[in-house]
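> Please construct the entire structure, taking both the sequences and the accompanying hints into account.
There are 4 protein chains.
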Amino acid sequence: MVEVMVIGATGVVGQQFLVALADHPWFHVAKLVASPRSAGKRYVDAIRDRATGSIRWYCDEPLPEQFREIVVESFREELLDDVDLVFTAVESDVAREIEPKIAEKKPVISTASAFRYEEDVPLIIPGVNHDHAPLIERQRQNRGWKGFIAPIPNCTTTGLAISLKPIMDAFGLKIVLMTSLQALSGAGRSPGVIGLDILDNVIPYIPKEEEKVQKETLKILGNYAGDHVKPARFKVSCTCTRVNVRDGHTECVFLSTEKKATVDEVKKVLREFRGCSDMGLPSSPKRMIVVHEDPFRPQPRLDRNTEDGMATVVGRVREDPALENGIKYVLLSHNTKMGAAKGAVLLAELLYKEGYIC
Amino acid sequence: MVEVMVIGATGVVGQQFLVALADHPWFHVAKLVASPRSAGKRYVDAIRDRATGSIRWYCDEPLPEQFREIVVESFREELLDDVDLVFTAVESDVAREIEPKIAEKKPVISTASAFRYEEDVPLIIPGVNHDHAPLIERQRQNRGWKGFIAPIPNCTTTGLAISLKPIMDAFGLKIVLMTSLQALSGAGRSPGVIGLDILDNVIPYIPKEEEKVQKETLKILGNYAGDHVKPARFKVSCTCTRVNVRDGHTECVFLSTEKKATVDEVKKVLREFRGCSDMGLPSSPKRMIVVHEDPFRPQPRLDRNTEDGMATVVGRVREDPALENGIKYVLLSHNTKMGAAKGAVLLAELLYKEGYIC
Amino acid sequence: MVEVMVIGATGVVGQQFLVALADHPWFHVAKLVASPRSAGKRYVDAIRDRATGSIRWYCDEPLPEQFREIVVESFREELLDDVDLVFTAVESDVAREIEPKIAEKKPVISTASAFRYEEDVPLIIPGVNHDHAPLIERQRQNRGWKGFIAPIPNCTTTGLAISLKPIMDAFGLKIVLMTSLQALSGAGRSPGVIGLDILDNVIPYIPKEEEKVQKETLKILGNYAGDHVKPARFKVSCTCTRVNVRDGHTECVFLSTEKKATVDEVKKVLREFRGCSDMGLPSSPKRMIVVHEDPFRPQPRLDRNTEDGMATVVGRVREDPALENGIKYVLLSHNTKMGAAKGAVLLAELLYKEGYIC
Amino acid sequence: MVEVMVIGATGVVGQQFLVALADHPWFHVAKLVASPRSAGKRYVDAIRDRATGSIRWYCDEPLPEQFREIVVESFREELLDDVDLVFTAVESDVAREIEPKIAEKKPVISTASAFRYEEDVPLIIPGVNHDHAPLIERQRQNRGWKGFIAPIPNCTTTGLAISLKPIMDAFGLKIVLMTSLQALSGAGRSPGVIGLDILDNVIPYIPKEEEKVQKETLKILGNYAGDHVKPARFKVSCTCTRVNVRDGHTECVFLSTEKKATVDEVKKVLREFRGCSDMGLPSSPKRMIVVHEDPFRPQPRLDRNTEDGMATVVGRVREDPALENGIKYVLLSHNTKMGAAKGAVLLAELLYKEGYIC
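Protein chains in written order, with my numbering: chain E, 151 to 508; chain F, 151 to 508; chain W, 151 to 508; chain R, 151 to 508.
Worth flagging that the hints you see were computed from the coordinates, not collected in a lab.
Pairs count within a copy or across copies, as identical chains cannot be separated in the list.
Pairs of lysine to aspartate or glutamate, EDC-like flavour, derived with a Cα cap of 20 Å:
| no. | residue 1 | residue 2 |
| --- | --- | --- |
| 1 | Lys362 | Glu469 |
| 2 | Lys503 | Asp281 |
| 3 | Lys385 | Glu469 |
| 4 | Lys256 | Glu268 |
| 5 | Lys385 | Glu474 |
| 6 | Lys358 | Glu443 |
| 7 | Lys324 | Glu474 |
| 8 | Lys324 | Glu469 |
| 9 | Lys385 | Glu361 |
| 10 | Lys365 | Glu474 |
| 11 | Lys385 | Glu408 |
| 12 | Lys365 | Glu269 |
| 13 | Lys436 | Glu215 |
| 14 | Lys358 | Asp199 |
| 15 | Lys358 | Glu469 |
| 16 | Lys365 | Glu469 |
| 17 | Lys358 | Asp243 |
| 18 | Lys358 | Asp444 |
| 19 | Lys296 | Glu247 |
| 20 | Lys256 | Glu504 |
| 21 | Lys503 | Asp428 |
Okay, structure coming up:
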């Protein structure tokens, strides 16, 4: 078993890591790390509200029994000796400081954006661009690290990049325009989105989100070029909004392909896209992309849990009357499953399988 | 005073007509028409639920006192003798049957889609394309009518067409792509959208909506050509979704102009667009378009009532990195005010002022 | 295997029956009955929307494969020859007409209210008042039926009666006052509650609900007296409201016991109440009542699926300062699981086990 | 004009004070006080978000022009020389520290709970228990203050106490049991209720709320006894829950009167209750209590703005079958209007009129 540490284990994303790692066939959670306030407490007490005694557990799945009694620790570099792999679930500013220190010794799979845009850091979605993984070696050389940092993309990028991949491969891409209708859970809980602000409302702006999605999509779908990734050459633009939905980001995509493609051809390549489904990764969806014919799908509440939240669900594939070789569709991607902790575990599985870990 | 009749007066849109017509300086409600079930009852009793005695009044504004006691009638052609103008708030299939009969004698301002796409029927937004009004004369000649049918556009078209007009005039338009996040009230109440379906959800499809918006936008922004309107020549595509918002359609627009325009230039033409603000129409907004600098605006709950729901509120005007001469922005338009009954009253005001009525 | 028929199989409650009966160890679904419009179609086609091709399946669980291809039939009395037991999921007026005809030949487990208040009809919750079951024999004699009608209670009654039972048995009850905050799914879909009406709102009235709950609670907790049930003698009053929650009725209870009981004593009897947990019924919860110490529980979204929606979840057990021997608490009961189809299957399991069926 | 200071002017309640005080006929806002971070800025800049430039204004009404340019100050005792009256909109711990210092010199009308339960502090609702006002003199003597502290009740208490007053006066009260369904705005914004927690949910607990309501109701409806208020002698118990509603607390009341009263008699005393309607107070509702016959009312969204949020709206008055001389009803009270800043202004109007201020 690969011994793993989760940093930020008591937060929302940390909790999702525990669910994703419970009874994992390859990874064994050896260390739970959180802020000094939690250190020394059993996990179940570390997430207990002092005033009311309530347990602050935010996943739909129950807190796995195996983690209840583990004593949470503060981060110390010595702890790294006991683990083979570190998952981080911390804010970007903390990540910027702590992740390089860890990477000196051990691999880091990160949910933070801190290092996503650095030249020697790949941004990998298994089944989409795992051929970028060798950049990790370059990163190690550049930085003199034994470990490395491998971040996952922003949760809004993930579904978009997955759905674009088979279309790009088959027909080429010229232009991609996307409007997102994002779920509340993407904003976290500190304080996240206030109920008062989202009730009977849409918030048409998510700071920095659009820039992240635009940049990351091109990096993921770009070409590995030895010492960096050459971004894909199509144009991307998006508008990111927040709607009153708990989980599941809906994205309305308009695109223009290089080569004319019919609606049926597009559906076919989407349906046939295997992604990482055949790679033997335990957290992989069986179907990377699920395509609906029902025009009322995908809907967040009906479709977000498809393949335990690891599939990208696509519907309303239509010809676009405004763009040259235009296609439009709607996709749904579970922002706290494939788009966060479980997606990070999937990435770790890939890197482990390919020999980058241990 | 112009004597008016409201057909479908007890329904949701009919009620909005009553609010828009209460104490109107030019129009006097002479006749309230509804289904035979309501006929012969005082208005306040016609909208009363028999089982519980509840009054089924759906506007935020209270039921204007002046209409409470008016006796509702069934439609009969003789009633037309007493009025100068008819507003219809009925389903499209009913409109198709009843409106031509009325138009033989009297002008009809319609909220239904039944006649929107006919060649000799203009689709007018005051201040945007009132120069299409002369098509009404052609319609009268073609059909041998004393009256005419003038429909208002779909509520999702209205804000889009208004915001595009000054941009088109200043810079030309090549491509327009729009994703809407539409309010529940747009779906009406029979049965409209079930609470169970929209709670914690987005519905990514509204039957026929996208086709309507695409077609109507081009007709409104087209050129009056004597016996018909020549549609505008840019390309339009949209994806229409339903979100859990009561009133106010949010629309995320991406567009490509003929002539390069900076963000500041676009904001300037939007802000300077007077629309029908100076035409002396009682229901006109003072500001046709309101442009926000705050990136978190427009929001439906905060902005839908701007200028009593008659303004188009625009925000997030940015350069679009994917389209040639690309601009993107978000707009908000009140679907049951400017987009429905009060917008129809505004149109009637224009046509009255220009001599088409009485 | 007991061969069963589901009447109203295509409706929402009918769909929940299919989920509750899929792979059932004792019951085999032999016949699916629905309106003539559905007759002759495969189940999956009978629930397909003609206009859009969408499948109208409303459960969280997927449509069980085993039912997809079954051909739906119209009700005919001859069909009864092939089954041992009938579940009905129809409106009360239909139930009133059809259930007696079926009961002449076969047992009927009904979700409708039509026969709940008749003297020779027991209203049984397994584990609460299964000692009322012998009234079924009297019903058969009275009416000359081979079968019988056994309805389940209103979904709002169920959790209340379950939580009251152990308190009544241990301490006696004098007064019960309850305010419910009911979920949308309790109102069904035809049309149920309109999104426009419940967004940012509470509806303080549910027609006939309060009377049902008051009457049924006393009947369930009453004494079997040979030829009828003598209602319990405590007083009950309730106020039933609708809130913007999908599933799970929250009920705030204030009560006065005959014998003084401490909060700890009340929690103890609630926790120790086994209900039908030890009766070997496949659909029974393992814990009939779950009691939380966390004052923020129960919450519908966090707790409704406890024991697959078959447990009654109680929290906030406190002394009541206003009533003599006062206790107050909050309970949550899943209205479409224990409170509807799966609760009906549980009742059928009890009656089968006790020899009333086959 | 009475010169007034608002402390906490930039917060949500402070903003509501500005709306309530704009163009007030008696009170002139002379000083706006907020935290040192805001000091020295124009009001409109003090509420501007630094990162995005957004103005953080949370009322439905626009920011009154007259306050935009006022320079916000930090609290210093010298500022008190320029004002006659102070409104505080601060947290309870801040109130406990600052309000006594102010009261040494000037009257304080407080929205905080800090001093509500002290013996020489009256808890006054104009029109309900203004006869408690003389306790202010005692407070001054006891504490050697020139000013005084007069807090308003908790927002959940207000509507309950108002609706109980005429019933108590006419029939006497023995027992009151109340379940509240409270709006999000009652929880404020720091952080208030997270959208993730209330979507598709009810939260059955609001810390300390029930104790406040129980204690305050008895104090308000008690008798002024020279040097303190003797609490009313009936019993009160409540359960307070949070629901997904923006503004407007719904309360379901069950009560037992001393003297038997019919439903019509109760409605009559509620309807005839004038409260402070005839006292010539500018912020007073014209109708203190509005009683609906429609069983579907009151609803928060339809009724919260009755009399600009200053009326208590009552519906569903019925006989209660469980309590002796039992009556039950549902009430709605606007928690941020009558229940907060505007209610505080109303109290100040009363105290000014009665000579306690200036």
